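Peer 1: One letter stands for each residue in the lines below.
There are 2 protein chains.
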Amino acid sequence: MGATRNPAKPAYYVTENLVKLGFTGKIYPINPNASEILGLKCYPSLKDVSDEVDLVISLVPASAILKVVEECSEKGVKGIVVIAGGFSEGGKVGRELEKKISEILRKTGMRLLGPNTLSPINPTNKLIVSFRGVKELKKGSLAFCFQSGMYEPKLGWIFDGIHLGVSKIIDVGNKPDINEVDVLEYLGKDDETNVIALHIENIKGNSKRFVELLKETTRKKPVIVIKGGRTNMGAKASLTHTGSLSEGNYTIFKAVLKQTGAIHAQTLEEFFDFAKIFEFLKPPKGNRIGIITLSGGEGVIAVDCCEENGFKLAEIKSETIEQLRKVYPPWNIPSNPFDMGPCIEFHGNAKVCKVVLGSISKDENVDCMAIQLPAFIPPPELEEVVKSFLKLKELDKPVVVWRATMGKQEDRIVEELERNYIPVYPSVERAIKALGKLYEYKVFLEKLKEKT
Amino acid sequence: MGATRNPAKPAYYVTENLVKLGFTGKIYPINPNASEILGLKCYPSLKDVSDEVDLVISLVPASAILKVVEECSEKGVKGIVVIAGGFSEGGKVGRELEKKISEILRKTGMRLLGPNTLSPINPTNKLIVSFRGVKELKKGSLAFCFQSGMYEPKLGWIFDGIHLGVSKIIDVGNKPDINEVDVLEYLGKDDETNVIALHIENIKGNSKRFVELLKETTRKKPVIVIKGGRTNMGAKASLTHTGSLSEGNYTIFKAVLKQTGAIHAQTLEEFFDFAKIFEFLKPPKGNRIGIITLSGGEGVIAVDCCEENGFKLAEIKSETIEQLRKVYPPWNIPSNPFDMGPCIEFHGNAKVCKVVLGSISKDENVDCMAIQLPAFIPPPELEEVVKSFLKLKELDKPVVVWRATMGKQEDRIVEELERNYIPVYPSVERAIKALGKLYEYKVFLEKLKEKT
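Chains H and C, in that order, are what the protein sequence lines are.
When we follow this note's numbering, the leftmost residue of the first sequence carries the number 1, and every step to the right adds one.
When we follow this note's numbering, the leftmost residue of the second sequence carries the number 1001, and every step to the right adds one.
These are computed hints drawn from the structure, not numbers from a lab.
Model, not experiment: these values are computed from the prediction.
Quick reminder that beta carbons are idealized off the backbone N, C-alpha and C, glycines included.
Be aware that a few hints might be false.
Just the calculated beta-carbon pair ranges, DEER-fashion [said to hold, decoys possible]: (1) H:Val-256 / C:Arg-1209: 48 to 54 angstroms; (2) H:Lys-282 / C:Leu-1390: 36 to 42 angstroms; (3) H:Lys-326 / C:Ser-1035: 32 to 38 angstroms; (4) C:Gln-1409 / H:Glu-212: 51 to 57 angstroms; (5) H:Lys-326 / C:Leu-1055: 42 to 48 angstroms; (6) C:Leu-1055 / H:Lys-285: 51 to 57 angstroms; (7) C:Tyr-1250 / H:Pro-380: 41 to 47 angstroms; (8) C:Ser-1207 / H:Ser-318: 33 to 39 angstroms.
Sequences are here, hints too, so could you generate the full structure?
Peer 2: Below is the structure:
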C-alpha cells in the first residue's frame, strides 16, 4: 500500500525489486491515483483486491497507518510490514499510535513487522523490501536479524562484496509486535537457516525466554550476536531511535551470552567476519594450525594470533618438510609458520603454491590452515595459483586466507576464492580470529555432548 | 651491486625504480657481465667507479656478501644496504657471517642496513629499494620502521589505497648494525618526519636507551608502536625469521609503552589506521563529539565507541537544533547522535549534508566529529555532497568519516576526501577509535606540560 510510479522516490524500488527479482507470489499495488504500476494492475484500496492477501507492505506515513492496519484487519490479512518511521522513536504521539496498533493486532491475531523497518528479505521466494534497486539475491544459509535499517546501505556489499549467501534478513525496527524473541524462535526452526547473525540493542520480548531460546538454538546452529547500546551513553541513544531503552549491564550481558554458547562479535567488522566463516566453513577437527605467509613479520603476528585464539602450531611431519625443501632456499629450514616469500623469489608463485599449499594441507598433523595470498602474481601464473587454493577445498580442513596487497589483481582472486567458499579477510588478525570462533564453537558443542 | 637487466628477476626493479622515479643522486650499476643497464653505464666492480660512492645497495646472495663488504670498506663507502636473506635467520653459518661483517663495520665505521631488508624508501631524494615497479612515492610526514619486509606488498595500498604520504620507510631486517634504536633516534631528529610508526619484534640495541628515546620522542611527535611476538609462540617464531628472539613479557611491554606516551596498536589494521589519523589531522581541542549517521543503529554503536574512547556527546546549542529542523521530519527531534537517514529521504543528500554538516560543525560545543558517508547519492547531488565534506576542513576541528556501502561510488568519494586529508575508515568502530588515539595523545601532551 502506498505504491508509487515515481522512480525518484525510494518507495518506488520496493515495487520494482519485487517485480525485477521475480517475487514468486502475486503482487497487488495499491494506489488510488494510478491504474498501473510497472505493468501490474493497480488497486484503489485493499478491499478492491478480490483475492486473499497474505502480506501487506505499507509505504504510507505514520499518520495514515492506523487506517491501513484497520483495513488489513477487515480484509483478513495475515501480516503487515510497516516501513514508516515516526512512531515510538519520535515521542508521545508515536508511542500512542503504536499502542493503538498493538490493540488491533491482539484482537485479530495479525502480525506486524516494524514500524521503522526496511525488511524482510527472503531469497527463496524473492520477497524483498528495500529502498535501492537490488541486482541479485544470493541464496545461502545465513540469516540476519537487525534492530535497525543499518544493514541496508551494505546490502550490495553483503551479496557482492563479501559474497554472502543469505536465507533471510529481518529488521525488527521498533518491534511493538514481532521482536527478536519471535525472530530467533522462527530462525531456530527454519530449515533454510544454518547460521544466525543477530544485532540487538535490547530485548523487548521476554528476556528469560530469549536466553533460553539462545541456549536451545546454539545447540543446533551457531548464533553470532552484536550488541548496540553496551555503554550508558549508547543505551540512551538507543531509546531515541527505536523507542526502546537498551537496559542492563554489558558485563552481565557478555557473561550470559557466553553461557548460552552464542558467539559474541564486538564490532560490526567482527559481526560480518564471523558470519562469513560460519556460512562458508565447517569447524576444524582440532586446533593444530598450519600458517603460510609472504614474510616472517606477518608470520610472527599470525602466530601471536594463534596463541590468542586457541590454536597450536601444527608439528609438521618430516616427510612434509622434505617436500617443502624442493622450493625452500638452502639456508632456510622449512618450519611452521612457513614463509613463502624467499621461495617465491626463486621458484615463482605457481610452483611454490602448489608445493607448499599441497604438502602442508595433506599433512596429518594439520587440522586447519591460515594462508596469506601471494602478491603481484605474473599473469601466466595466476590460474595455477588459484587452482592450488581451490584444491584445498577437496580436503576436509577449513582454510582461511588473508590479503597481502589490497590491489585490483587481488580483488579478482578474492572474488574467485570466495565464490568457492574460501573466506578471505583483509588482515591476518581478522582471519585467525574468525577461524578461532569456528573452533570455539566446535569445542562448545563437544562439551555439550560430554554433559549429556 | 648485483644489478640485473632481466625484468623477470625481482632485482631488476631495484634499478628500474631508482631510474624511473628519478633518484636525485648518481647511480652506478655494478655487474661484470653487462656494459649498460637501463641506459646507465655499468661497472664491472665497485673499484672501477672513479667517483666517491655514498651508498651501496647489494643484491648479491649471502655467500658473496663478505666480499662486497670488504670492497665497500676499501672504497670508503659510507653505507651498505644488504637485501639478501640467509644470515642469522638461517642458522649457524649465517650467524657467523653476520659476526664477520660486524667486525669490518666496527673497524671502518661503515653502517649497514639489513641483511634481509627491503628498504629504505625516501620520497625526498627518490631513494627506493623495492622488488616491485613502484609508480609514485607520495611525500608526507609519516615515517615507518619495520622489522620485516612485510610492508612491501602493501606499498601500493599505502600510497594509493589509504593515501598516505611518507617521509621514510625503513625495514631493519636482521639488524646486526642499524637497529630500531638508531632508527628511532634518527627519525626523532628528522625534520621531514612528524609521525613515527614502528613495528618491532624485539629490541636489539640498548633497550633502556630505547625506552628513554621513546619518552623523548613522544614529547615532540607521536610514535605508534605495534609488537610482533607478543605471545610465547610468537616470540619463538620471531627467532626463525630475523634471528632475534622477541623476549620479554607483553604485559610489561604494554605498561612500559604506556609510560612513554607511545600509541599502542594491537593489530596491523590499527597500526595503519592510527598512522593515517596522525598524518592527516591535528588533535581536537576537547572531547565533545558530534556524531552523524545514516541509521539509528549505527548511531548507537557510534555512541558506544565514543564512551569507550574517551569522548562525550557534544550538547548541541538550541540555535543549531533550529537549523537542523529545516531538514528533519516533523516527528523527529534532532539530537546527538544525528540520524541523517530520514532527513535524506525527504530532502535529498545535497541539502541534508549542507545543513547538517554545516550547522553541527559550526556549533561551539563541538570539538570534533565522526560522520558516516551518505549512501547511493544520485549523481547530480554528488559534487555538492563532497563540497559539504571538504568545507569541514576550513574549521579547526578534526573530522573522521566512515563508509556506508563499500561500493564503487563510495570509493571515488573516499579518494577525494582522503586526498584532502579527511580520513575515511571502513567502520564506525575504527573511525572513532583512531580519533580517540588523537585525543589521547593531546591529553598526554597536556599532562606533560602541567608537570613541567
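Peer 1: Of the hints given before, which are not true for this structure?
Peer 2: Per hint list: 2, 4, 5 violated.
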